[in-house]
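Asker: Chain by chain, the residues:
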Amino acid sequence: MSDNAPKQTSLYGEHAKLGARMVPFAGYDMPVQYPSGILAEHNWTRENAGLFDVSHMGQCLIEGPGFEAVAGAMEALVPADVLSLKPRQQRYSQFLNEQGGTLDDLMITRHEKDGTLYVVVNAGRKEHDYAWMRRHLPAGVRLTTRDDLSLVALQGPKAEEALAKLAPAVKDIPFMHYADVGIGGIRAQVSRSGYTGEDGFEISVSNADAAKLWNLLLSDPLVKPVGLGARDSLRLEGGLCLYGHELDEAISPVEADLVWSIQKRRRTEGGFIGAARVQKELAEGTAKKRVGIRPEGRAPARDGTVITDQSGREIGKVTSGGFGPSVNGPVAMGYVETQSSRPGTKINLIVRGNPLPAEIVTLPFIPNRFKR
Amino acid sequence: MTAKYSKDHEWVIVANGIATIGITNHAQEQLGDVVFVELPAIGRQVAAHEQAAVVESVKAASEVYVPVSGEVVEVNKELEGDPALVNRDAESGAWFMKVKLSNPGELDALMDKAAYDKLVNG
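First to last, the protein sequences are chains C and R. If you use the working numbering, the first sequence closes out at 444, no skipped numbers anywhere. If you use the working numbering, the second sequence closes out at 1559, no skipped numbers anywhere.
Because the hints were derived from the structure by calculation, they are not lab data. A hint or two may mislead.
[Stated by the list, open to error] To give an idea of the interface, some chain R residues facing chain C are shown, with a C-beta separation under 8 angstroms as derived from the structure:
no.: 1; residue: D1470
no.: 2; residue: V1472
no.: 3; residue: E1475
All values derive from a computational prediction rather than experimental measurement. Where a beta carbon is used, it is the ideal one built from N, C-alpha and C, also for glycine.
This is chain C alone, in the form it adopts within the complex:
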């Protein structure tokens, strides 16, 4: 088999049975949509519960002699406060390079087992991230990749209702925490988190159990499968960053408006790779900033679209753009000069050579409905 051949998740056969359209994504053959289509899948997730295969993401464990050792080791690599995590609690953070640009964004969970962090990174960055961690973790703290695990997300206002029929304990999982639960006899690690702006769960199970869990969840009429196409429109409406678009090796978390993910102690103390730039930008501000953009007409503005001010001067670029089914119109995110980043600012988007009027708006486009 060629090294370039796309990999398959353990749910590949289920996607085929469902009639999914498969596309190459981050080295995997992934379902971009099922026969119902992206709009229907998007709307189903906003109203009921969508089931996503996100097994292409990188699941791994950081293990060491105790929580303080592994949390301290992780804090050297990310700006989030890891030491204050309670058992079973998770936080969103980023790996930064020495220049304070973003290498990836990730979820860090304090595992119930002492001296263990459970980390989930992006599919397209996992080999890089694993090498980065191995290079920087101190002696005695080790990385174990968990390719033996699959990951599915159940997202939407009825996700709790659907999952609680099989595992009532999930009702008690707080936002950004996990619990070990049995789902129809399958052992699963269930966290209350996601990438849609809706309440929901991310469920980690062994590859051997993944298809059984997938079909068990789909047997509930509240649950339908949702592909990467709707995952993208849902996260865009939710104002959530996608690595390679809103985040890359030149963009800092301050520019990306992710300061909320850098807790107070870390802002003051620093002590992570890239801290010099982050602390300087926290004190002095940044020249550009991530914003939400609402085109006035019906034409979507895609990634790379040039943004100008009303005099026609270029002030930034779109990083993600498309049609927002719940907004029922085009939506975008991008970077603009900070002086033009205030919500309400009128801008133009240069689409196929024509300036289309648009406005800077507050993110998210659809209010987040996390259960806190």
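Fit chain R to the known structure of chain C by using the hints.
Answerer: For chain R alone, kept in the frame of chain C given last:
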């Protein structure tokens, strides 16, 4: 006349020297949910294989090429308010534009239905 097809997945039907042009059912299936259509200006002179319209799905923008040369004499305004018509009725009601042919001989280079079906189904 019966419809003719281009390798870029447009269909053409000619009556009285006017070509009605749209995208094929296969093309709309590949695009998925259509959310926006941009049509050419009336009076525009187009050359065969030139980009004349844009059709956008949730995921991406795609160009629509004219398979024949001529002048755009009419566009389907209904698509601006109801772009999803492309998904429902690609090869009839969701026509994109009408072009007054300047070189009817170009039609000979297009495929008939059997040849087009063979192209898309292999």
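Asker: Could you tell me which of the hints above the structure violates, numbers in ascending order?
Answerer: Violated hints: none at all, because every hint is consistent with the structure.
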